[in-house]
Each structure stands twice: as structure tokens, then as C-alpha cells.
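Chemist: When you get a sec, could you build the whole thing from the sequences and use the hints?
Those sequence lines, one after another, are chains X and C. Just so we're aligned, residue 1 is where the first sequence starts under the working numbering, counting upward by one. Just so we're aligned, residue 135 is where the second sequence starts under the working numbering, counting upward by one.
No lab work stands behind these hints, which were simulated from the structure alone. Among these hints, one or two may not hold up.
Stated by the list, open to error - Have a look at the derived ranges for each label pair, beta carbon to beta carbon: (1) Ala391/C <-> Thr56/X: 22 to 30 Å; (2) Glu367/C <-> Val109/X: 45 to 53 Å; (3) Gly256/C <-> Cys14/X: 44 to 52 Å; (4) Ser396/C <-> Ser95/X: 37 to 45 Å; (5) Lys250/C <-> Ala33/X: 49 to 57 Å; (6) Tyr132/X <-> Ala551/C: 46 to 54 Å; (7) Arg501/C <-> Tyr66/X: 18 to 26 Å.
As the list claims (entries may be wrong) - Not close to chain C: a few residues of chain X, all C-beta gaps over 12 Å, as computed: (8) Ala44; (9) Gly49; (10) Val109.
Said to hold, decoys possible - Keeping only pairs whose Cα atoms sit at most 20 Å apart, straight-line, the calculated DMTMM-like set for lysine to aspartate or glutamate is: (11) Lys441/C <-> Asp497/C; (12) Lys403/C <-> Asp379/C; (13) Lys98/X <-> Glu477/C; (14) Lys441/C <-> Glu474/C; (15) Lys523/C <-> Asp561/C; (16) Lys63/X <-> Glu73/X; (17) Lys544/C <-> Asp561/C; (18) Lys98/X <-> Glu241/C; (19) Lys218/C <-> Glu554/C; (20) Lys76/X <-> Asp379/C; (21) Lys403/C <-> Glu129/X; (22) Lys430/C <-> Asp420/C; (23) Lys98/X <-> Asp371/C; (24) Lys558/C <-> Asp282/C; (25) Lys98/X <-> Glu37/X.
All C-beta atoms, glycine included, are put in the ideal place defined by N, C-alpha and C.
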Amino acid sequence: MFEAYDMPDTHESCPRRDVTTSPIQALTLLNSAPAMEWASGLAARVLEGGGQNRETQIAVAYKLAYSRPPTAEESKMAFDFLDRHRAIVETRARSGGKLAAVGARPAGVDAVDVATLVDFCHMLINANEFVYIN
Amino acid sequence: MRTPHFVNVGSRREFLSRAGAGFGAIAFHYLLAQDSLLAAAGAAAAGAAPAPHHTPTAKSIIWLFMEGGPSHLDLFDPKPTLEKLAGQPLPPSFGRPITAMGTASNELMPSKRVWKRHGQSGLWVSDWYPEIAQHVDEMAVFQGCWADGLNHVGSVCQMNTGSILAGRPSMGAWVIYGLGTANENLPTFIILTDAGEVLGGPKNWSAGFLPATYQGTLLRREGTPIFHLTPPETVGDDQQRSKLDLLASLNRRFNAANGEDSELDARLKSYELAYRMQSAAPEAIDLTKESEATRKLYGMDEPETEKFGTNCLLARRFVERGVRFIQLYSGSGSGWDAHENIEANHSKMCKQTDRPIAGLLTDLKARGLLESTLVVWGGEFGRTPFNEKGSGRDHNPWGFTIWMAGGGIKGGQAIGATDEIGMKAVDTPCHVHDVHATILHLLGLNHKQLTYSHNGRDERPTIVGGRVITNALA
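Modeler: Given below as C-alpha cells:
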């Protein structure tokens with residue numbers, strides 16, 4: 001992770017960090033185990049605070065990730081994504097593919113729904129709004 | 135007569151007289167603006183799709199960067215006069231250069247190498263590079279190179295960006311800006327290192343003021359060159375695609391709200407490239423299908439040459455797949471910096487690079503790739519004819535050697551020369567800007583027409599210098 005983000009030499013002072021954007025960084029945040037863990041962690045908190053209602057989940061996820069509620073348009077976009085993406089995850093589940101999970105799945109919550117939510121959370125924390133301060 | 139690119143102004147009087155000349159130059163530039171060349175440059179800047187300015191002779195470049203400063207005096211530029219003057223101080227006629235370590239009063243030190251002429255062309259190469267010497271007929275050896283910097287960070291930066299001050303785009307970034315990519319599925323400007331961090335780090339492959347998407351991609355040094363090429367086991371391909379579509383809409387929305395920012399746009403694009411790399415890159419970096427003979431050719435069967443040989447082989451594979459600009463650092467972290475005991479240092483560094491580079495040239499040629507691939511060898515500067523600490527040599531930016539092969543280079547010739555002791559370039563001096571102008575020319579770009587408007591100025595890769603060394607062209 002440090003390497004992908006050009007960690008400065010620890011033997012010298014570093015007055016200013018380099019700004020880099022590379023596909024290596026994208027691959028790291030997209031495919032590495034830590035990034036998936038963070039996504040699962042966020043999904044667990046969303047389930048905890050948002051229950052099983054999709055709209056509430058989206059609102060809680062935006063609040064946790066971006067410290068703001070989603071606009072109506074964003075909420076709809078997220079809703080549509082969860083709908084569409086769930087179908088893909090479900091096909092995967094039916095063919096015996098492994099699904100992303102959260103630490104302790106609350107009782108009565110469907111494993112496919114959880115995996116779909118993990119993917120949603122994963123992209124929220126990959127987005128520019130999460131990565132850049134301004 | 136040539137003027138240094140950086141001049142320390144000594145007095146207030148000198149400052150005012152120089153500044154005055156500068157104002158005159160602005161007026162002169164206004165007159166020149168009606169000139170067709172500058173008009174063409176403006177048109178190129180306004181043009182949309184990247185395209186070469188003329189038919190290129192090279193499609194790709196492999197730049198072998200010997201970081202730390204290899205000694206031209208012990209590799210490609212023999213100086214019999216130095217034998218005669220051994221142990222004597224620098225003759226007064228050579229002036230008194232200011233060196234990085236203040237060594238100009240030290241005695242002159244001849245090379246301990248055994249020299250031989252090689253090939254049809256009879257170019258000189260020392261016994262430190264016996265295998266590369268077999269390729270002299272492919273090489274144009276620029277013996278009169280010179281640069282502006284005294285220290286490593288500035289000089290490595292200049293060799294990459296044209297300026298000793300960080301912040302300008304690297305040549306790789308300019309090339310991609312000018313030509314676009316030839317393979318949508320791999321980064322088109324790749325950097326490979328073999329030892330430590332390159333001095334100055336990512337500034338050397340930065341996009342500078344060009345859009346951030348043109349910056350180079352540094353691959354990993356140890357183990358597999360690229361991590362995380364496979365999605366996690368819980369994510370299938372259609373699932374990954376669907377996630378990335380969501381990410382793209384999230385980012386587009388955010389970027390639109392935050393105005394034009396090339397960083398944000400670069401990040402959006404980097405995910406799309408990352409997605410495509412998942413299928414293309416594993417194959418590109420997989421060396422297991424290379425034959426035993428090929429591995430041997432690159433020296434991958436010996437511990438000293440394994441690392442640089444692996445990088446050279448990766449470079450060939452990238453060239454085959456359309457990657458335009460590949461930079462390989464030897465001794466990354468200033469490995470060639472032989473201030474003392476140059477015998478031990480250069481013996482080691484030459485050993486590490488001789489077979490891999492010779493192997494690369496042989497392999498490129500055998501595959502018919504050499505004619506469209508420009509191979510450049512050089513450091514950020516050369517080394518002094520006088521000794522440092524009795525056994526080493528100090529930095530020498532006033533005269534040093536770079537060679538190029540393939541990609542439209544007329545091989546088997548030496549271009550330019552240093553003085554009798556190898557200190558300064560005196561014949562056909564080739565400044566870093568000239569090196570850059572020549573490289574860009576071979577890749578189909580006119581260094582004066584390749585411009586980008588920044589802070590109210592049409593900036594170009596060679597700043598306000600540079601000329602194509604036409605003797606070098608086939």
C-alpha cells in the first residue's frame with residue numbers, strides 16, 4: 001500500500017509529498033485484501049445503522065462515508081445499482097461462487113444482499129469524494 | 135560558442151543588463167510570432183487527436199538509465215593524453231571547474247581499462263563492456279554530451295524533464311501527450327528499477343503541468359512487478375465491471391461538481407486502465423514461457439545479472455505489446471556514483487548491465503524490433519578526469535557519453551568529442567535538450583511544435599533550447 005502511494009524515503013526529510021495517480025493504485029484499492037476488509041467493515045456498520053431498508057442503508061452509507069446525506073438523484077442511482085448488481089451477485093451465488101461477507105451477519109439478512117452491499121460500500125470508498133479532501 | 139543554460143548572476147549591474155536583454159527578447163518574440171513555425175505550433179496545441187508531426191522511425195523507446203553517473207572515461211571515451219598527464223594537476227588551460235566535491239585541484243587519473251576497437255566501425259569500448267562492444271555497429275555514440283546540473287537529484291531530473299528544477303513534465307509524459315497510447319490495456323509509460331528509489335522519485339516520471347493522466351507508472355522492484363491484478367475471490371468479472379460502472383458515475387458526478395481538475399480525471403481513467411490491465415498485464419509480465427535460451431541471453435541465469443536482465447526482458451515484452459516509453463534504471467538510488475574506488479563500483483555495475491543490455495539488443499534485432507525501437511544508454515552525467523579520494527572520480531556534467539541504437543539511428547559512429555582529457559564537450563556538443571530533441575524526432579515529434587499552454591505560455595519539452603542532432607539519423 002505504502003509502495004503504491006510512493007511512500008517517501010524514511011531516512012530523509014520530506015517537505016512535500018509527490019502527487020501521483022497510477023493504475024497500480026487503482027488495482028490496490030480495487031483488488032487488495034485490506035480494501036475488501038474496509039468495505040466489509042463499512043457494510044457491517046451500514047447494516048447496523050440502516051437495517052434492511054435499502055433507502056435507509058443508502059442514507060447511512062453516505063453519512064458514514066461522506067458525512068452528508070445523498071441527494072435524491074444519488075439515492076436513486078444507488079438504489080438502481082443495488083437492484084441491478086444484486087442480480088449479478090445472485091447468479092454468482094447460484095453457481096456456487098464465493099460471496100463477500102461481513103463479520104457477523106445479522107439474523108434474517110440474506111447473504112446475497114450483504115455481498116451486494118459490500119460491493120456498494122467498496123465503491124463508495126474508492127470514489128474521488130472519499131479519497132480527496134477538497 | 136555556447137552559453138550555459140543556467141547562469142549565476144554575479145552583480146547588480148550584470149542582473150540589470152541581463153534583464154534588459156530579456157525585455158528586448160520579448161519584443162523580438164512578438165515579431166517572430168508571425169513566423170510560420172510558431173503559427174504551426176499554435177495549431178498543434180489547438181489540435182485534438184494526438185498524432186506524430188512526421189513519420190516516426192521509432193515506435194517505442196527503451197531508456198537504460200545508469201543512475202549515479204557512469205564514467206565515459208572508462209567506458210566509451212579513451213584519452214591517451216590522460217596517461218601522459220597522470221598524477222599531474224589539471225593544466226591551467228582547462229580552467230578551474232567547480233565540482234560537486236571540490237576536487238578540481240586533485241591529480242589527473244588515467245583509466246585502468248584495456249581498450250579495443252570493435253566492429254566494422256572500429257569504435258572504442260573498454261573491457262568493462264565486452265558484450266555491449268559487440269553491438270557498436272548499431273550504436274551512435276554521442277561523446278560530447280553535456281548538462282547543467284552538478285548534483286544527482288537535479289541532474290537526473292534534467293535528463294528526464296529538461297530542467298534541473300523539478301516540476302516540468304518528463305519526456306515520457308510529453309511523448310504520450312504527443313502520440314497517445316498504442317495499447318489501451320497497459321500503461322504506456324513504464325518505469326522499472328533494480329536497487330533503491332530513484333533520486334528525486336516520482337518527479338522524474340511526473341506529468342508536470344501536463345494533464346495528470348500522462349504520468350509514468352512505476353512497477354514493483356521485488357517479486358511480481360504488478361500486485362493485485364486478480365480480483366478478490368468474492369468478485370467475478372461481470373461483478374467487477376458493474377462495480378466500476380457505479381464508481382465511474384460516482385466519480386463523474388463528483389468531478390463535474392468540482393470543476394476541471396486533471397487529477398480527478400486521471401483517477402477516473404486509472405480505474406478503467408486498471409480494469410483492462412487485469413486481463414492484459416498478467417500475460418505481459420509472465421516470463422515463464424520465455425525459453426531457457428532467452429533467459430540466458432539476458433543473463434537471468436546468473437545472480438549478478440538476473441535483476442537487470444529480468445527488467446530488460448520485461449522491456450522487450452512491453453515493446454512487443456505497444457508500450458511506448460520504458461525506462462530501466464540500473465543502480466537506482468545512485469548506484470553508479472563512484473566517488474571512490476571506481477574499480478570496484480564500475481566493475482560491479484558494468485557486470486550487472488553488460489550481458490542484459492547486449493542480450494536485449496541481440497533479441498530485439500532477432501525479432502525485427504530493433505529498427506522500430508530506440509534504445510538509449512546513459513546516466514545523468516559523466517565523471518571527472520581528475521581523481522577523488524585517490525581512487526574515484528567526481529561528477530562531470532561538462533562532457534560525457536550517451537549512446538543510442540535502433541529506431542532510426544545511424545549506427546557505427548561517434549558523434550562529437552570531449553577535449554584531450556575528457557573534461558569538456560568541445561566538438562558537436564550535445565546538450566540534454568539536444569538529446570531530448572533527437573529522441574522526440576525519432577519518435578515522430580518536433581520538439582518545437584509539441585507545445586502545451588501553461589500559465590500563459592506555450593511550453594515545450596526542450597524549454598527554449600534543443601536541436602536535433604541530424605548526424606545521428608539513418
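Chemist: Are the hints correct? Go through all of them and say.
Modeler: Hint-by-hint comparison with the structure:
no. : hint                              : verdict
1   : Ala391/C <-> Thr56/X: 22 to 30 Å  : holds (25 Å)
2   : Glu367/C <-> Val109/X: 45 to 53 Å : violated (22 Å)
3   : Gly256/C <-> Cys14/X: 44 to 52 Å  : holds (49 Å)
4   : Ser396/C <-> Ser95/X: 37 to 45 Å  : holds (42 Å)
5   : Lys250/C <-> Ala33/X: 49 to 57 Å  : holds (55 Å)
6   : Tyr132/X <-> Ala551/C: 46 to 54 Å : holds (52 Å)
7   : Arg501/C <-> Tyr66/X: 18 to 26 Å  : violated (51 Å)
8   : Ala44                             : holds (15 Å)
9   : Gly49                             : holds (20 Å)
10  : Val109                            : holds (17 Å)
11  : Lys441/C <-> Asp497/C             : holds (17 Å)
12  : Lys403/C <-> Asp379/C             : holds (12 Å)
13  : Lys98/X <-> Glu477/C              : violated (58 Å)
14  : Lys441/C <-> Glu474/C             : violated (25 Å)
15  : Lys523/C <-> Asp561/C             : violated (30 Å)
16  : Lys63/X <-> Glu73/X               : holds (16 Å)
17  : Lys544/C <-> Asp561/C             : holds (19 Å)
18  : Lys98/X <-> Glu241/C              : violated (72 Å)
19  : Lys218/C <-> Glu554/C             : holds (11 Å)
20  : Lys76/X <-> Asp379/C              : holds (15 Å)
21  : Lys403/C <-> Glu129/X             : holds (15 Å)
22  : Lys430/C <-> Asp420/C             : holds (16 Å)
23  : Lys98/X <-> Asp371/C              : holds (13 Å)
24  : Lys558/C <-> Asp282/C             : holds (12 Å)
25  : Lys98/X <-> Glu37/X               : holds (15 Å)
In summary, the structure is inconsistent with hints 2, 7, 13, 14, 15, 18 from the numbered list given earlier, while agreeing with the others.
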